[in-house]
Every structure is written in structure tokens, then in C-alpha cells.
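Chemist: Chains A and B, in that order, give the protein sequences.
Under this note's numbering, the first residue of the first sequence is numbered 83, with each subsequent residue one higher.
Under this note's numbering, the first residue of the second sequence is numbered 93, with each subsequent residue one higher.
Treat the hints with care, since some could be wrong.
What the hints assert, rightly or not - Taking lysine-lysine pairs in the DSBU-like style, the calculated list, with each CA pair at most 35 Å apart, reads:
#1 Lys159(A) x Lys181(B)
#2 Lys139(A) x Lys163(B)
#3 Lys110(A) x Lys133(A)
#4 Lys133(A) x Lys95(B)
#5 Lys203(A) x Lys220(A)
#6 Lys183(B) x Lys128(B)
#7 Lys99(B) x Lys128(B)
#8 Lys108(B) x Lys117(A)
#9 Lys117(A) x Lys165(A)
#10 Lys211(A) x Lys128(B)
#11 Lys117(A) x Lys124(B)
#12 Lys159(A) x Lys146(A)
#13 Lys126(B) x Lys169(B)
#14 Lys168(B) x Lys117(A)
#15 Lys143(A) x Lys214(A)
#16 Lys189(B) x Lys143(A)
#17 Lys187(B) x Lys132(A)
#18 Lys128(B) x Lys195(A)
#19 Lys99(B) x Lys114(B)
#20 Lys99(B) x Lys133(A)
#21 Lys146(A) x Lys128(B)
#22 Lys112(A) x Lys220(A)
#23 Lys133(A) x Lys126(B)
#24 Lys139(A) x Lys101(B)
#25 Lys112(A) x Lys211(A)
#26 Lys211(A) x Lys99(B)
#27 Lys203(A) x Lys114(B)
#28 Lys139(B) x Lys132(A)
#29 Lys168(B) x Lys97(B)
#30 Lys101(B) x Lys125(B)
#31 Lys101(B) x Lys126(B)
#32 Lys159(A) x Lys168(B)
Worth flagging that the hints you see were computed from the coordinates, not collected in a lab.
Chain residues, written in single-letter form:
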Amino acid sequence: MNRRKFLGLGLATVVLTPVAINAIDFRKEKPDVWKAQSVDEAISALYGDKKLQDSDKVKIKARKVASNGGVIPITVKTDIDAKSVALLQDVNPESAVIVWTVPEDGIVDYNVKIKMKDSGKVIVVVEGKDGKLYSASKEMEVALGGCEG
Amino acid sequence: MGKMKIKAKLEGDIVKANVMIKHPMLTYNAAKKKGKEANFITYIVGKVGDKIVYEASTSQFLSENPLLRFKFKGAKKGDKLTITWRDLKGKTVTKSKKIK
């Protein structure tokens, strides 16, 4: 290999691997999750055919009635030793909203503001380090839809 | 677009972080109506040094100018919390803030 070729190769590698900021980017690793139009589809795209079990250890905090569907604050908490946490809902065109990868020694106490175009259900799935899926859901009333269609 | 505000405060051994990102979070439907291209944040990561303390893959359904709150352990006062996000168009923004 001559020097020019070698340098060219080096350059190509640099271009192919842009700043590696991600550990797990679920949009790249599991693109189908974000296209799924039902909660079930999204969950199986994320976690395969594993069964969900309802758990009171998974906590969802939100106001029961959201006056503005464009800004709905939701808090997700759990003590379960978790690998990842997914937040989904069943009224927008697609179901998945956000998937957190829980870092080593991570605390699952996440607050985020989401959009919902109508009243419906938010569902949280916690993937435990034991491989099981724990879930909880909450009915939400949305007074003014915030998804602009 | 692209501005980001970070607040991080140590309480006991837990850091409480608030991150506000200025971003339209334009959904596909809203973009169609406005005749624009959809664009929203797709990935957010928070680090202290090399250690990841927060990581999320996100969809168009976060609110406009998303606000994220989270907690983590293992950092001390003066450490830097660095947040990086990327959107659908590939724009990447990184900002750091000292933990108070």
C-alpha cells in the first residue's frame, strides 16, 4: 500500500465514524419502534415477544387533566434495577415518545414534557436487568390537543 | 434554534439536573401543514467526564423546547455535566455546565 492510498483510507475511516456520542441510539438500532402505530407493535419492536407484567413499582406521575396537550409534564420513577425505560402513548400517529437507556448506577426519576393530540393512555415499560418487562399505564385527559393533527 | 440551558445541582450525593433545549420539535403532520420539513431531536446524551449519566432516544412527541429533568449519582461539585443532542437533520449541539 502506498502512502497516498493509506492516507486516503485513514480519511475514509474518520468520515465513516462521526463523533461517537452514543452508547445506544434506539432510533438507529431499532428503527421500527418509531414507525409503530400501536403500543403493542412498538413494544415488540423494542423488546421482542417478551410478556409485560403490570407492576406497582413503576410509577407515572402526571396531572389527570392536561389543559394543553402540547406540553404535558410526565414523571417516570422506579426502584427496579433497570436497563431501559420506554414511554409510549396511544393517541398520536406513532406510539413511541422516548426511550431512556439507564446508565450504570442510574436513578430512574425522569421528567419530560410530551405532546398528545387527544385524551388517551400513557404507558411506561421498564426493562429490568433481570430481563423482565414491568409496566404501568395512566389515563390522561387532554383538554386541548397539542399535536397539531 | 439550538440554544440550550443546563442547570445541575448537587444535593447530598445526588445531582439534580434540568436541561432546556430550544427546538421547534416540528412533527411530520405539523410540518406538512406549514409546508416545512419535519425536524425534532432524536438523541440526547449527558456525560460527566467519560461516564454517561443520561441517555435518551426521542421522537417528535416531546414538547416544543423540550425540558428534561433527571437525577444521577457519582459526581461532585465543580464537575462538568456535558449534554449533547442531535436532531433529525443531523445537527449536533454540545454544551457543558459546572455542577453547583
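Chemist: All hints, please: hold or fail.
Modeler: How the hints compare with the structure:
{"no.": "1", "hint": "Lys159(A) x Lys181(B)", "result": "holds, 31 Å"}
{"no.": "2", "hint": "Lys139(A) x Lys163(B)", "result": "holds, 18 Å"}
{"no.": "3", "hint": "Lys110(A) x Lys133(A)", "result": "holds, 24 Å"}
{"no.": "4", "hint": "Lys133(A) x Lys95(B)", "result": "violated, 41 Å"}
{"no.": "5", "hint": "Lys203(A) x Lys220(A)", "result": "holds, 6 Å"}
{"no.": "6", "hint": "Lys183(B) x Lys128(B)", "result": "holds, 17 Å"}
{"no.": "7", "hint": "Lys99(B) x Lys128(B)", "result": "holds, 32 Å"}
{"no.": "8", "hint": "Lys108(B) x Lys117(A)", "result": "holds, 33 Å"}
{"no.": "9", "hint": "Lys117(A) x Lys165(A)", "result": "holds, 22 Å"}
{"no.": "10", "hint": "Lys211(A) x Lys128(B)", "result": "violated, 42 Å"}
{"no.": "11", "hint": "Lys117(A) x Lys124(B)", "result": "holds, 17 Å"}
{"no.": "12", "hint": "Lys159(A) x Lys146(A)", "result": "holds, 17 Å"}
{"no.": "13", "hint": "Lys126(B) x Lys169(B)", "result": "violated, 45 Å"}
{"no.": "14", "hint": "Lys168(B) x Lys117(A)", "result": "violated, 40 Å"}
{"no.": "15", "hint": "Lys143(A) x Lys214(A)", "result": "holds, 22 Å"}
{"no.": "16", "hint": "Lys189(B) x Lys143(A)", "result": "holds, 28 Å"}
{"no.": "17", "hint": "Lys187(B) x Lys132(A)", "result": "violated, 38 Å"}
{"no.": "18", "hint": "Lys128(B) x Lys195(A)", "result": "holds, 23 Å"}
{"no.": "19", "hint": "Lys99(B) x Lys114(B)", "result": "holds, 15 Å"}
{"no.": "20", "hint": "Lys99(B) x Lys133(A)", "result": "violated, 38 Å"}
{"no.": "21", "hint": "Lys146(A) x Lys128(B)", "result": "holds, 33 Å"}
{"no.": "22", "hint": "Lys112(A) x Lys220(A)", "result": "holds, 25 Å"}
{"no.": "23", "hint": "Lys133(A) x Lys126(B)", "result": "violated, 41 Å"}
{"no.": "24", "hint": "Lys139(A) x Lys101(B)", "result": "holds, 27 Å"}
{"no.": "25", "hint": "Lys112(A) x Lys211(A)", "result": "holds, 19 Å"}
{"no.": "26", "hint": "Lys211(A) x Lys99(B)", "result": "holds, 30 Å"}
{"no.": "27", "hint": "Lys203(A) x Lys114(B)", "result": "holds, 27 Å"}
{"no.": "28", "hint": "Lys139(B) x Lys132(A)", "result": "holds, 31 Å"}
{"no.": "29", "hint": "Lys168(B) x Lys97(B)", "result": "holds, 20 Å"}
{"no.": "30", "hint": "Lys101(B) x Lys125(B)", "result": "violated, 41 Å"}
{"no.": "31", "hint": "Lys101(B) x Lys126(B)", "result": "violated, 39 Å"}
{"no.": "32", "hint": "Lys159(A) x Lys168(B)", "result": "holds, 23 Å"}
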